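Engineer: Work out the full structure: start from the sequences and follow the hints.
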Amino acid sequence: MKTVGEVRRENLGLLRDRYGTWPALNIALGRSARDATLGQIWNRNPDSKTGRPRQMGDRLARAIEQCLELPEGWLDVPHEAPTSAPQGDAVAPPQSGGSRPKIAWHSVIAWETPADLPDNEFALVSRRAVKLAAGNGKLVFEDEELPPLPFRADWLRGRRVTKHANLVIVYAEGDSMEPDIRDGDAVLLDMGQREIVDGQVYAIDYGGHLRVKRLQKRWDGGLIILSDNNEKYPPESLPPDHASHIMVLGRVIWRGGSV
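Numbering (full-length UniProt numbering), first residue to last: 1 to 259.
Treat the hints loosely; a few may be bogus.
Within a straight-line C-alpha distance of at most 30 Å, the following computed DSS-like cross-link-like pairs (lysine-lysine) qualify [said to hold, decoys possible]:
hint	residue 1	residue 2
1	K49	K2
2	K163	K131
3	K163	K217
4	K49	K131
5	K232	K217
6	K131	K2
7	K232	K49
Label pairs and their in silico Cβ distance ranges [said to hold, decoys possible]:
hint	residue 1	residue 2	range
8	P239	G192	25 to 31 Å
9	A153	S32	28 to 34 Å
10	N166	R34	25 to 31 Å
11	M247	H79	40 to 46 Å
Hints in this document: simulated from the structure, not taken from any laboratory.
What you are looking at is a predicted structure, and each value in this text was computed from that prediction instead of being measured.
A virtual CB, placed ideally from N, CA and C, is assigned to each residue, including glycine.
Structural biologist: Written out as structure tokens, the structure reads:
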């Protein structure tokens, strides 16, 4: 039988998947996007005092439930996550009035061909075998088209995608963006979102190397390339003349991978 700590960790993973990334979940909870607490619980990092894997305490669990308007005790009981056809089911972003988004679970729909999906409820997103290096950069040799994946149309609207034709799924390779994006994760790009917003994650082409990185603009027109695994991969600060060679391919708006 699972302990409460194990159940809370699993449900934390469900919430992370619903919001797409740890930074997005942190923001929904009113925390700093770079707060590492939730990721450390998920990764079972050792507690500095006890040396045992970090777990979610009662106070944090109740605070998360309150912020996300979940029933008290929601984190303490197992929940089945709908993980098949409705890829990208997620919460709507916070409204301008500041109200917290609510979790919206959808039923599972079994499908084999697009004709099996309800009309007008899903958008089929093309999937490519391109691998984006989430490390120090890697030349890409593979660009095979794979069967598409369906995403709920209402979820895509909530993400404010530019248009369906701009969406593509590719794959991350390497460990520099862990824990948010792991080796082999699928990432959904909106290629219509190429204007850099500080702190967001983008697919970039730098000298023929395709990479997925968090970007931040410098005051002088330069660019800082950030890895979430910054202990192993320190920030790269590019002066304006080097930054001009960076081609932003699109913004990462979702990632999917194994637990």
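Engineer: Which hint numbers doesn't this structure obey?
Structural biologist: When the structure is compared with the hints, numbers 4, 6 turn out to be violated.
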